[in-house]
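Asker: So you can see what is in the structure, the chains are spelled out below.
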Amino acid sequence: MEFMLKLTLYVYCAAIVVYIVREVWRANAMRWVAFGVLSCGFILNTILVLTRWAEANHAPMSDKFESFVFFAWSIALVYLIFELVTIFIVKVHESRIGIIGALQCVLIVWMIYAALQSDSTIKELPPALQSNWLVTHVICYFLSYAALSMSFSAAIVYLIHRGIFSGKQKEAVVDETGSQKKKDYSFDKLAYITVSIGFPFLTIGLITGSIWAKGAWGTYWGWDPKETWSLISWLVYLAYMHLPLMLPKTNIKKSFRPILLSIILLIAFPIVLFTFMGMHTLPTSSDSNHIYAE
Amino acid sequence: MAKVTEPQQRKSKNDSKVWEILCSVKLAVIIIVAMAVACILGTVILQQKSPEEYVDRYGAGLAKFFSAIQLTDIFHSYWFSFLLILLCVNLACCTIKRWRNKVLMIGFLVTHISIILILIGCVIDLLTGVKGGVNVYEGKSVDYYLTRSDYQKVPLGFQVFCDDFIIERHPPKYKLITYVKDKDKQKAVSLKVGKRIGISGTNYAATVKELIDDAEVLHEPINVSDKPNNPALYIQLSVRDNVTAEGWLLAKDRNWYNDTQRDLKIDYVWADSDEAHERLANAATKSSTKPTLEIRIDGTNIVKNVLVEKGNKVSIEGTDYVIEIKEFALDYSKRLVPLSEQELNNPAVMVEISGPQGKDSRWSFSKYPDYQDKAHKTIYKDVKLLCTVPEDFSNAKNRVRIVQNRSGKQTITYIKDGKVISTIDWVLGQNYDIADSKLQIRIAKYFPSHGLKKTVVKSTGGHEGHNHGPGEHHANPAILIEMEGPRGKYAEWVFAHTPPHWYPDKNFAILYEQSGMEVKDYKSILRVVENGKTMVTKTIEVNDALKYKGFVFYQSSYDPEGERYTGLQVTKNPGLIVVYTGFILLCLGIVFIFYVKPFLRQKLNKGKKIKEYYSEEEMLAEHIE
Ligand code: HEM
Chain A
1 MEFMLKLTLY
11 VYCAAIVVYI
21 VREVWRANAM
31 RWVAFGVLSC
41 GFILNTILVL
51 TRWAEANHAP
61 MSDKFESFVF
71 FAWSIALVYL
81 IFELVTIFIV
91 KVHESRIGII
101 GALQCVLIVW
111 MIYAALQSDS
121 TIKELPPALQ
131 SNWLVTHVIC
141 YFLSYAALSM
151 SFSAAIVYLI
161 HRGIFSGKQK
171 EAVVDETGSQ
181 KKKDYSFDKL
191 AYITVSIGFP
201 FLTIGLITGS
211 IWAKGAWGTY
221 WGWDPKETWS
231 LISWLVYLAY
241 MHLPLMLPKT
251 NIKKSFRPIL
261 LSIILLIAFP
271 IVLFTFMGMH
281 TLPTSSDSNH
291 IYAE
Chain B
1 MAKVTEPQQR
11 KSKNDSKVWE
21 ILCSVKLAVI
31 IIVAMAVACI
41 LGTVILQQKS
51 PEEYVDRYGA
61 GLAKFFSAIQ
71 LTDIFHSYWF
81 SFLLILLCVN
91 LACCTIKRWR
101 NKVLMIGFLV
111 THISIILILI
121 GCVIDLLTGV
131 KGGVNVYEGK
141 SVDYYLTRSD
151 YQKVPLGFQV
161 FCDDFIIERH
171 PPKYKLITYV
181 KDKDKQKAVS
191 LKVGKRIGIS
201 GTNYAATVKE
211 LIDDAEVLHE
221 PINVSDKPNN
231 PALYIQLSVR
241 DNVTAEGWLL
251 AKDRNWYNDT
261 QRDLKIDYVW
271 ADSDEAHERL
281 ANAATKSSTK
291 PTLEIRIDGT
301 NIVKNVLVEK
311 GNKVSIEGTD
321 YVIEIKEFAL
331 DYSKRLVPLS
341 EQELNNPAVM
351 VEISGPQGKD
361 SRWSFSKYPD
371 YQDKAHKTIY
381 KDVKLLCTVP
391 EDFSNAKNRV
401 RIVQNRSGKQ
411 TITYIKDGKV
421 ISTIDWVLGQ
431 NYDIADSKLQ
441 IRIAKYFPSH
451 GLKKTVVKST
461 GGHEGHNHGP
471 GEHHANPAIL
481 IEMEGPRGKY
491 AEWVFAHTPP
501 HWYPDKNFAI
511 LYEQSGMEVK
521 DYKSILRVVE
531 NGKTMVTKTI
541 EVNDALKYKG
551 FVFYQSSYDP
561 EGERYTGLQV
571 TKNPGLIVVY
581 TGFILLCLGI
591 VFIFYVKPFL
601 RQKLNKGKKI
611 KEYYSEEEML
621 AEHIE
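Chains as they are written, first to last, in full-length UniProt numbering: chain A, 1 to 294; chain B, 1 to 625.
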């Protein structure tokens, strides 16, 4: 297991490098090399998840180790699907999505590394976790987190981009290849699209979590820190989704609006990560039902 | 941007300023952000604690401030409720205002209405619902519950019996932990057979070579060398070819065997020289050790030893005591049968002490020297007795002495009533009659250097003697672990529940231990009785509750020590149906907005060519028609 995990880690590390190379040297072949390396990592990761599932006899997302590996898997999955969609369905050829790929791989590597550091022994599920709602709940959350992490990467890239080209990004993107091929994504739009992919899952995760809590503890909402923070993440993305409706009615400069939205995403994803793994640092965590690890 | 609002639409509503604000998305964003901030505060500041705790933690000033603006119980504060109401109003207003019977609007309408439904459902529960708990002892019943908020007793109107409470546990699991001392590094490693586990940062490694789920140790006698370092014989006694007893005798260790039924003792002695052999083979009595009694008088340093033989009498100098041995038993509980038929089990001696205050008799046990029979009155408390019986003590009349020496002489001597009857040479595997008894002796094996080979095998089961209740057999797993390090490889069997096993350099250890028996499930068998009639019986467990007359009983806790009561959460949620309807609508609505609507829009806009995946206009005006 540890060997497989390390191997996966190295393949993902390689993927970071390849995606960066792809950004610099934008040959069509390079895109497939990058895609291939990440796919290899993803396949290894899938094997990890499946063997763990078989060994542990429960869906492998109950403790820190399992959820890190599973989160890495979801990030890779969502990104790969997204890239396939851009290539084959949306057909944005010279897409710059590769840089997002590199950033996603960094996050994946972090997760796998965290898994390597954590206790990988198989633990039995406490009675409350033996519910099918849990599986739905967790899968929804991780898919959503994966999509939201992409919006985070996109927001970073957008802000850096704006910093460098200070508003003249249109020209920078179109340049000489623009005539034949379709335009690249603008990263603020990409961010919006990924949030709109992730947000429904976030909502369904919140709801299934609540239904599960009702079945196990008899209350669907108890203002437990973990519950509260998942509500906070949801609220922040909800605000983000409603802002494009509000901004035109304010006197915020049009060119500044995407920057504001990106900054919100920059705040939002760390909140998600905190909900996922920072709960034990809260002063109120000792009163919690849901914070198992550490 | 364009087409923000149609002026026509605007006029048709009688839009006062307040209405405008209540409909606005600006208010929505403000409420959402305010709620997020409130939630953050609600997890950063301790909630629902006693006033003293706040003073302790935040100081008097801050504590006062917190309680003044209800930061100590945010989620039940008036201002948070106000926020929720405002949210509902905002949602309702904007939904009404933007209501359009268009397909693309479905998602917007459904999500917004569903959130209102969820909140309404929660309010219904809050006003008419029940949230409480009660503990029920096994075999007892309750007809009330306690409210969660202030522990008021509220009658249920029926009785709930807990017929049984069960905690199911997973079978024990075992884990392997490695420890490197100089790095103070401890790590749980996987228990896979054949996998070499390197300890990163060191040159130690461990490999589990074999794993037996339920193992036991077999000690198999083997011969280590041809030199007579630890001579041993395997002896068989038989009557008419039926073996009645057999076993190993070790010259340097356990070298005798008592057959109490036949009043026989067998000794195995090793002679250093031929002369010694001669002497041993022909001597009637080997100066055999005898039981002794040590007499000490407290408060003095008088100590006296006497041989334990019936009738022996000593007077203790310096005192007025005379002590006489009255009786001796090798096994106190069988003291009435002849001594020669008793086995060495619980030896005891009865003495009579005569002194200035008359006679005092008592039993003294060699295993419990200070035992004083409470029923008897001891007069001479200062007389302390300690009876010592040599392990090989025997009173047998018949004796067999097997003697061997280095040069290969080997004889059997038969002695009866202290007289040598015969001495013969013996060879392996041959039966010899023991003089006039019906018994035959055969020396089946001779190991000049007897040793034990420890083998670990799968337990055949059926062995008792561990600390566990009847019926449950706890397996005793063992692993053959190979430890690698600077001094090479060492493989050894390690049993669970044993102390850490150290590598020879005392810097690397492994521990193989049980990682606890985790709880698999809590179950309570509940029975609802109303007007003397049993209405429902159900075994509830976590994630599977009992429902009766709107009440739902959840398995929520248990008596952590005695496991004698079950903790039930009692709820009544009249708003549940509303909340769940809201949940379902919210899921459907949101999926519609983000996964269905974009495609629908594309279809509806078929006439127009879509140049880009998402135009900037569409981006910003995403929801605006
Ligand atoms: C999962 C939850 C929510 C979703 C998916 C959602 C979705 C939407 C959508 C799609 C629109 C645009 C409707 C259109 O096409 O015209 C909208 C508008 C609006 N939403 Fe929400 N919403 C949600 C929750 C909320 C909440 C909690 C509030 C209030 C606090 C809110 C307040 C508003 C307001 C005020 C508008 C009207 C904007 C306008 O009039 O221009 N929404 N929402």
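Calculated from the structure, these hints are not laboratory results. Hints may be right or wrong, so weigh each one.
As the list claims (entries may be wrong) - From the structure, some residues in chain B lie toward chain A, with a derived Cβ separation under 10 Å:
{"id": "1", "residue": "M35"}
{"id": "2", "residue": "Q47"}
{"id": "3", "residue": "S50"}
{"id": "4", "residue": "G61"}
{"id": "5", "residue": "Q70"}
{"id": "6", "residue": "I106"}
{"id": "7", "residue": "L109"}
{"id": "8", "residue": "V189"}
{"id": "9", "residue": "Y548"}
{"id": "10", "residue": "K549"}
{"id": "11", "residue": "Y580"}
To be verified - Residues on chain A that point at chain B, a partial pick, calculated with CB under 10 Å:
{"id": "12", "residue": "L7"}
{"id": "13", "residue": "T203"}
{"id": "14", "residue": "G218"}
{"id": "15", "residue": "L243"}
Just so we're clear, the structure is a prediction, and the values are computed from it rather than from any experiment. From the three backbone atoms N, C-alpha and C, an ideal C-beta is built for every residue, glycine too.
Asker: Run every hint past the structure and note whether it holds.
Answerer: Hint check results:
no., hint, verdict
1, M35, "6 Å, holds"
2, Q47, "6 Å, holds"
3, S50, "13 Å, violated"
4, G61, "19 Å, violated"
5, Q70, "14 Å, violated"
6, I106, "15 Å, violated"
7, L109, "15 Å, violated"
8, V189, "9 Å, holds"
9, Y548, "14 Å, violated"
10, K549, "16 Å, violated"
11, Y580, "8 Å, holds"
12, L7, "15 Å, violated"
13, T203, "5 Å, holds"
14, G218, "4 Å, holds"
15, L243, "6 Å, holds"
Taken one by one, the earlier hints fail for this structure at numbers 3, 4, 5, 6, 7, 9, 10, 12, listed in ascending order.
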